[in-house]
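Q: In case you want the letters, here they are:
There are 2 protein chains.
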Amino acid sequence: MEQILLSLFIIFVGAKLAGEIFERIGLPVIVGELLVGMGIGSYLPSLLRPREVFEVIAELGVVILLFTVGLETPINELLKVGKTAALVAILGIIFPFVLGFGLLFILGFSSIESIFLGVALVATSVGITARVLADLGYLQRKESQIILGAAVVDDILGLLILAIVSGSQTGNFTLLNMGILVVEVIAFVIAFIYFGSRLTRIHGTKLDRLKMNEAPLVVAIGATFGLAALAGFIGMAAIVGAFLAGVIFAEVNETYSLRKQVIPIYELFVPFFFVVIGAEIDLGILADPRLLALTAVVIIIAVLSKIVGCGLAVINLGRRTWLKVGVGMVPRGEVGVIIGLLGLSLGAITKDLYSVIILMSMITTLIAPFLIKFAFKEMTPMIPDDSA
Amino acid sequence: MEQILLSLFIIFVGAKLAGEIFERIGLPVIVGELLVGMGIGSYLPSLLRPREVFEVIAELGVVILLFTVGLETPINELLKVGKTAALVAILGIIFPFVLGFGLLFILGFSSIESIFLGVALVATSVGITARVLADLGYLQRKESQIILGAAVVDDILGLLILAIVSGSQTGNFTLLNMGILVVEVIAFVIAFIYFGSRLTRIHGTKLDRLKMNEAPLVVAIGATFGLAALAGFIGMAAIVGAFLAGVIFAEVNETYSLRKQVIPIYELFVPFFFVVIGAEIDLGILADPRLLALTAVVIIIAVLSKIVGCGLAVINLGRRTWLKVGVGMVPRGEVGVIIGLLGLSLGAITKDLYSVIILMSMITTLIAPFLIKFAFKEMTPMIPDDSA
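Listed in order, the protein sequences are those of chains A and B.
Under my numbering, residue 388 is the last one in the first sequence; the count climbs by one each step, no gaps.
Under my numbering, residue 388 is the last one in the second sequence; the count climbs by one each step, no gaps.
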């Protein structure tokens, strides 16, 4: 147990120190945390043992992160950007998929390998973008809400595509299964956004009648665990459930200063997520020049296809918004990694292509904070982070 | 992962609901959480799998608990009651040990078995007492500080006795090892209480010059992980390190409202500790009438020996203080369990005596909150829990 406490100490202090240094020299804090993770992954991997323990702590971190982000995204704000977000998500799926599939197909890869790269390019890691926007204090900007809404839709559509692709590989895919999944997902999202928000709006102000300490926060966290688990069981990402829990409790965020209360938990756990993600980054595969060239092309496609595709959806909002929304959808993070792992385990892709997908996911994750900071640069935060 | 999120949901919501009900009917909240743990342990043990994950979450809970308790125990307050606390601890060790050893020796048990029961009766679970006092808002009372100080000394002396007993069983015990341990422990406690408090008093107010969010809380939590790990490596309980971290940061508690900030983390994690402790309680061994009789006698000795022994040390402070301090030292909690497990694994005690020790630890834990609430009953809280 003291070994685990020592690991928690080293990881926590390391991440916070790196964040402090990166903040002072004007670089994204999250990149500092990812680099600490890369260092630990390369030189002290035993710090992250037992693996299950740190995976759960990291999961708690990203669940709390998405809940906090949801708290700043009330349902009426989200609905205002709903259509735009959906369009951003759809074009942000079509462009990367077609370009990724096309590239490999032209290069002579098999069609299933080409499909897997296409799917890996589709995913957006909402965790990375949300964290960068939160760090900069831009969560309540219209562009941010479009990005977050689109990332959630993206997650849901990405899940459906993944179900088709892996189902067709394993032979488990039927139209009936597909239909059930679609209905489940739609019912979940609609039920929780509409009824959940109504519930908190009408009955939320009675939460302080409970005798327990910090009742509103406790109920919100309970709901977050419950919705995250439920989303996971349906087959969605658990963090989508956590985000929706935040959206629901956004209705009573100001009444109970929920965000202020959740910040200590956030500051304690969120860094563990980024350190664990960082520890998975292995730049060793860059040593093979052939893979390096392919990876470089794939990364360029990964960045441009999202900027062009997602940007097209907001073309009428001006060039600046185009850029902001586009770069916000760039990071593939853990979602790309999961698709790569799935392809490898199904025997659908080679170890080489797997390495390319992992590297693409990781490099887009590392560069996205810089791109986002750059795209939003001229903007002064309207709602400064109240904890700064 | 969704399985673990579901477990977190059920445990968290179950513990909070039980706490709410117990609060409303005027029973100690912690007993509600322990009962939820007993229910899960008996009927849904798979909720606490993988075991390592929930052990770490529970450990985080008790570390945060003792840190929070330390925050309300500034060093000068602790030193004021220092001599009394040391006397309480010493008499609270001699009485239970002699009575426990004597009972078994007279009943014809071997001397090593008698010694192990004596040692198991010595331990005080500071976590239980601290939680009950915190729930009632009495942490800053003089009696509470005597109890907490004595519990820390008790933990340290208990460790030394345990080192002698288990060392003499395994043949690893030498006077040199013993001396090294004593020096380490004394150096640790003195260094961190004196230099640590001085450090935060002099330099603590500069913490907000850091650029990171919530810098004072982040630094305090980092120090807590570090001191808990260090205490563990020296051979002390990790929670003693966490308590000392709290004592050190008590100097700047008011400047940065540290306690207010740590409460959300506390409300999230502390219940997991008591649920996990509760899940270990197995009342099944009560079915054997012979063991039941012995257990009943041992429990009576466990309660009375602490009340009489610890009470004697504060005899000059009045009968009321005697009772409060005495019952505050009654719960044996996880410390008794650990000693029982050690005795069993060394082959020093039989499975029957092991069951008696476990049951004694658990029943003192379950009744102590009632005893403490009763002893402190007439007192109105001077410093009401600001989060209530």
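One or more hints might be untrue.
All copies of an identical chain are treated as equivalent in the list; a pair is satisfied when it fits inside any one copy or across any two copies.
With a straight-line Cα cutoff of 30 Å, these simulated DSBU-like cross-link-like pairs (lysine-lysine) come out [unchecked claim]:
(1) K260 with K206
(2) K211 with K83
(3) K260 with K351
(4) K260 with K211
(5) K351 with K80
(6) K377 with K83
Because the hints were derived from the structure by calculation, they are not lab data.
Since the model is a prediction, treat every value here as computed from it, not as a measurement.
Q: Hint by hint, note whether the structure agrees.
A: Quick rundown of the hints versus the structure:
no. : hint           : verdict
1   : K260 with K206 : both (19 Å within a copy, 22 Å between copies)
2   : K211 with K83  : neither (42 Å within a copy, 38 Å between copies)
3   : K260 with K351 : neither (45 Å within a copy, 51 Å between copies)
4   : K260 with K211 : both (21 Å within a copy, 18 Å between copies)
5   : K351 with K80  : neither (44 Å within a copy, 66 Å between copies)
6   : K377 with K83  : within (26 Å within a copy, 61 Å between copies)
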